[in-house]
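Novice: Below are the chains, spelled out letter by letter.
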Amino acid sequence: DVKVTQSSRYLVKRTGEKVFLECVQDMDHENMFWYRQDPGLGLRLIYFSYDVKMKEKGDIPEGYSVSREKKERFSLILESASTNQTSMYLCASLGQASYNEQFFGPGTRLTVL
Amino acid sequence: KQEVTQIPAALSVPEGENLVLNCSFTDSAIYNLQWFRQDPGKGLTSLLLIQSSQREQTSGRLNASLDKSSGRSTLYIAASQPGDSATYLCAVRSLGRLYFGRGTQLTVWP
Numbered sequence: 007d008v009k010v011t012q013s014s015r016y017l018v019k020r021t022g023e024k025v026f027l028e029c030v031q032d033m034d035h036e037n038m039f040w041y042r043q044d045p046g047l048g049l050r051l052i053y054f055s056y057d058v059k060m061k062e063k064g065d066i067p068e069g070y071s072v073s074r075e076k077k078e079r080f081s082l083i084l085e086s087a088s089t090n091q092t093s094m095y096l097c098a099s100l101g102q103a104s105y106n107e108q109f110f111g112p113g114t115r116l117t118v119l
Numbered sequence: 275k276q277e278v279t280q281i282p283a284a285l286s287v288p289e290g291e292n293l294v295l296n297c298s299f300t301d302s303a304i305y306n307l308q309w310f311r312q313d314p315g316k317g318l319t320s321l322l323l324i325q326s327s328q329r330e331q332t333s334g335r336l337n338a339s340l341d342k343s344s345g346r347s348t349l350y351i352a353a354s355q356p357g358d359s360a361t362y363l364c365a366v367r368s369l370g371r372l373y374f375g376r377g378t379q380l381t382v383w384p
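So the sequences go chain by chain: A and B.
Counting in our numbering, the first sequence tops out at residue 119, every number present.
Counting in our numbering, the second sequence tops out at residue 384, every number present.
Just so you know, these hints were derived from the structure itself, not from any lab.
A hint or two may mislead.
Computed footprint of chain A on chain B, listed as stretches where at least three residues anywhere in the stretch have a Cβ under 8 Å from a Cβ of chain A [stated by the list, open to error]:
hint, stretch
1, 306-316
2, 332-338
3, 372-380
Each pair of labels, with its calculated beta carbon distance range [claimed, not checked]:
hint, chain 1, residue 1, chain 2, residue 2, range
4, B, 288, A, 14, 37 to 43 Å
5, A, 65, B, 303, 16 to 22 Å
6, A, 83, B, 357, 21 to 27 Å
7, A, 13, B, 275, 40 to 46 Å
Note that CB positions come from ideal geometry on N, CA and C, so glycine has one too.
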């Protein structure tokens, strides 16, 4: 069974704090993704990575950074959390082949006060 | 830029009905198309994947079709059940990433 795990289901942080969201996959997938999901706005891509130490900006990278030091782990970093970053964050992984499905983690509900 | 649209945004049907969810995309140069299900407060669960060379895929009561040239896919759910209530999202894979529609929120009432 493919497993994508995220470090926390719920997280509460204060404005200005540095926040780390961790994602780990066990399928040896090359590609990993971070999305945020907000009511009425759908799923929006923040960053993705197609290889270790490689990263690409998605549609809304502002205010975020990422790190991929190992193939199985992809971290999302909020350098200075703000209230407009309160959201559901979803991590996903994807293999290279056309028959590969994208698999998602359970999500982290982040609240910034 | 690829854009994915899902119609309708919401659907409410009685148990037992057969129903169709629609997905359209603007750029036909896709690698594959995937349908997902999302329950409230949860992550997305993959339902079906259709490769660009395929026309349809089936899994149990679900059947997904793909017409790449017209930029359309449909998800057919047979004999709907209350447990099918969820949001259904389609996504196309192109240029190394997936592009998502905003989903169809389905409610099946007993």
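Novice: Evaluate each hint against the coordinates.
Specialist: For each hint, the structure was consulted:
1. 306-316: holds (count 5)
2. 332-338: As far as the stretch 332-338 of chain B goes, the hint is violated, because 0 residues have Cβ atoms under 8 Å from chain A.
3. 372-380: holds (count 5)
4. B:288 - A:14: 37 to 43 Å: With Cβ atoms ~39 Å apart, the hint holds.
5. A:65 - B:303: 16 to 22 Å: At 19 Å between Cβs, range holds.
6. A:83 - B:357: 21 to 27 Å: Taking Cβ atoms as reference, residue 83 of chain A and residue 357 of chain B lie about 38 Å apart, which means the hint is violated.
7. A:13 - B:275: 40 to 46 Å: Because 32 Å falls outside the window, the suggested range is violated.
Taken one by one, the earlier hints fail for this structure at numbers 2, 6, 7, listed in ascending order.
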